[in-house]
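Asks: What follows is each chain in one-letter form.
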Amino acid sequence: MFGFLRDNVWSPLAGAVLSQPYDGYAVYLLDVLIKIIVVVACVLFTFAYTTYAERKVSAWIQLRIGPNRVGVFGFRMFGLAQPVADGIKAIFKEIIIPTRASKLLFVLAPILALGPAFAAWAVIPFNDVMVLADINAGLLYIIAMTSLAVYGIIIAGWASNSKYAFLGSLRSAAQIVSYEISMGFALVCVLVAAGSLNLGDIVNAQSGKYGFLNWYWLPLLPMFYVYFVSGLAETNRLPFDVVEGESEIVAGFHVEYSGIAFATFFIAEYTNMILISILTSILFLGGWLSPFQGIPVVGAPSIFWLLGKTALFLFLFLWIRWTFPRYRYDQIMRLGWKVFLPITIVWVVVTSVMVVAKVPPWFS
Amino acid sequence: MIEQTVFYFFAGLLLLAATMVITVKNPVHAALSLVLAFFCSAAIWLLLQAEFLAIVLILVYVGAVMVLFLFVIMMLDINLTVLREGFSRFLPVGISVAVLMAVSMGLVITSGRFTTGGNYEALKHAADYSNTRELGIALFTDYLYPFEIAGAILLLAIVAAISLTLRKRPDTKTPKVEKQVAVHRAGHVRLVRMEAEKE
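Chain order of the listed sequences is A and B. Quick note: to get our numbering, add 1 to the position in the first sequence (first position is 1). Quick note: to get our numbering, add 3 to the position in the second sequence (first position is 1).
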């Protein structure tokens with residue numbers, strides 16, 4: 002689709018307006034800009050309906066109905082227009098800045114939370130060719146970007162001039178730094194197995210004649226688990242949401258935020274959730290590869306497989322949230338440092354041995 | 004042309020951020036300026052096609068070290084008036100140290116070891132050149148011993164730092180997980196069979 006737009010729409014358009022050749026920087030920038038807008042728009046759309054899904058799934062789990070009123074022109078349509086109404090409400094509410102808050106940082110914090118969440122999408126491949134930036138160090142870039150997400154939260158807590166917000170941000174800093182380590186080691190296992198930091202190469206390394214048995218979830222099963230659970234902790238989702246901890250510190254780092262500033266944190270959290278889901282599917286479940294490799298029609302790799310796997314993990318996020326109680330803070334730290342970290346270090350060695358020994362069918 | 008524009012933008016921002024680190028009054032603002040400075044230097048490294056170093060700079064310094072820095076600075080209640088006391092008294096010492104450092108830096112930079120031999124263009128690589136792979140090969144073949152020794156020293160430093168913070172406090176009520184897990188039903192609950200009684 003991108004290629005078609007570039008060749009038939011942007012290139013002639015830019016040639017007519019800017020009188021520049023096809024290879025000019027202007028055309029290139031325009032091309033990249035359009036791609037970015039498309040990706041961001043898709044992510045935002047997914048965000049909007051993940052919030053709707055969250056409310057519907059929670060209602061379903063708790064035997065309620067959930068949002069079912071807001072529709073279009075009198076048609077309710079199961080409340081499908083609810084995210085639109087939520088968005089309009091958030092935009093028109095007042096942003097209240099607390100007294101003696103650090104004004105600049107208070108406004109900057111939601112932006113710092115949102116920026117890295119979107120920036121990470123630059124290297125996510127959606128199928129063999131559809132990727133914004135096909136860089137060699139893609140996986141490394143992802144780790145770097147997700148490690149920046151904590152700044153928005155820390156700065157928000159500090160700039161709010163509120164004890165509750167500050168406690169929330171301190172908890173968040175300790176928690177995210179702890180879980181980042183086991184998450185990083187899980188990714189090290191994947192890159193050792195695939196022999197590449199490029200996400201497209203990692204997916205292609207998982208293809209084989211056994212279909213879904215060729216994917217890395219099987220040889221890296223503990224890492225698959227550790228990565229997803231660390232992802233829950235990184236995105237501050239239940240059962241690791243002591244950063245918000247309504248029962249102790251009201252709403253944690255964003256207790257002082259209202260209106261669109263709060264909504265920005267909300268978008269960042271959900272964007273990170275979608276990112277973790279799509280990364281788990283790419284790294285461990287073969288991305289766009291079909292589970293029935295070798296069978297005609299259903300065996301063809303397609304973006305729909307990737308989207309389906311991502312949706313599965315997103316549902317898992319919601320399912321876990323409404324099923325498990327919140328962890329105690331010291332237990333979170335114990336799980337991160339004393340359970341996950343040793344498992345991941347051992348598995349780095351195990352993976353290396355498997356790769357050197359060329360264990361079939363994954364590493365032969 | 005566009006590369007130069009990007010370079011001057013990030014270089015200017017880097018100098019501005021680095022100046023702000025030592026001039027702003029609030030320590031948290033200073034730490035955040037340092038983050039911005041790291042970010043700009045990573046961008047400049049990216050321009051030099053050293054993507055591995057650039058991303059690792061962000062990952063290690065911005066993503067981990069500065070987070071812990073901020074963590075500590077925010078928790079400390081730094082009294083700025085106490086810090087500013089005796090500014091004029093220590094000024095001569097400060098100025099002499101600054102001059103000494105400036106002179107030594109100048110000597111190092113003008114020594115000729117930092118010139119590129121008249122070639123001011125960054126080395127261009129093919130599209131399939133992987134900075135990560137080249138660095139890995141160099142580290143694990145030619146520089147294996149220095150690399151391993153550096154790793155061992157770092158490990159030693161980690162162990163030493165952790166052992167410095169270890170102290171047993173008998174009065175804390177930290178739950179002992181191994182004891183909790185080892186609990187057996189028989190030690191806590193006694194099931195009694197009772198016959199139903201009739202009035």
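One or more hints might be untrue.
[Unchecked claim] Derived DSSO-like pairs: lysine-lysine, alpha-carbon spacing no greater than 27 Å straight-line:
1. 176(B) with 164(A)
2. 57(A) with 182(B)
3. 164(A) with 28(B)
4. 28(B) with 339(A)
5. 104(A) with 179(B)
6. 104(A) with 210(A)
7. 339(A) with 182(B)
8. 339(A) with 176(B)
9. 94(A) with 104(A)
[Unchecked claim] To give an idea of the chain B side of the interface with chain A (calculated C-beta under 7 Å), a few residues:
10. 50
11. 73
12. 77
13. 88
These are computed hints drawn from the structure, not numbers from a lab. It should be emphasised that the depicted structure is a prediction, and the values quoted were computed from it without experimental measurement. Ideal Cβ placement from N, Cα and C applies to all residues, glycine included.
Asks: Look at each hint and say if it fits the structure.
Replies: For each hint, the structure was consulted:
Our distance criterion of 27 Å between C-alpha atoms is met by residue 176(B) and residue 164(A), whose separation comes to about 25 Å. Only pairs whose Cα atoms come within 27 Å are accepted, and residue 57(A) paired with residue 182(B) is rejected, the gap being roughly 41 Å. The hinted pair formed by residue 164(A) and residue 28(B) meets the criterion: a straight-line CA distance of about 22 Å does not exceed 27 Å. Restraint check: the Cα-Cα separation between residue 28(B) and residue 339(A) comes to about 40 Å, which exceeds 27 Å; the hinted pair is violated.
The straight-line distance between the Cα atoms of residue 104(A) and residue 179(B) is roughly 44 Å, outside the 27 Å bound, and the hint therefore fails. At most 27 Å may separate the alpha-carbon atoms for a hinted pair to count; residue 104(A) and residue 210(A) exceed this at roughly 58 Å. At roughly 16 Å between alpha-carbon atoms, residue 339(A) and residue 182(B) fall within 27 Å of each other, so this suggested pair holds. Distance check on the hinted pair: residue 339(A) and residue 176(B) sit about 19 Å apart at the alpha-carbon level, within 27 Å; holds.
For a cut-off of 27 Å, the pair hint linking residue 94(A) to residue 104(A) stands: about 18 Å separates their Cα positions. At a threshold of 7 Å, the smallest CB-CB gap from residue 50(B) to chain A is about 14 Å, leaving the interface hint violated. The beta carbon of residue 73(B) is positioned within 7 Å of a beta carbon in chain A (closest approach about 6 Å), and the interface hint is therefore held. This hint holds: residue 77(B) has a C-beta 5 Å from the nearest C-beta of chain A, less than the 7 Å allowed.
With a cut of 7 Å, the hint placing residue 88(B) at the interface with chain A is violated, because the nearest CB-to-CB distance is about 25 Å.
Of the numbered hints listed earlier, those contradicted by the structure are 2, 4, 5, 6, 10 and 13.
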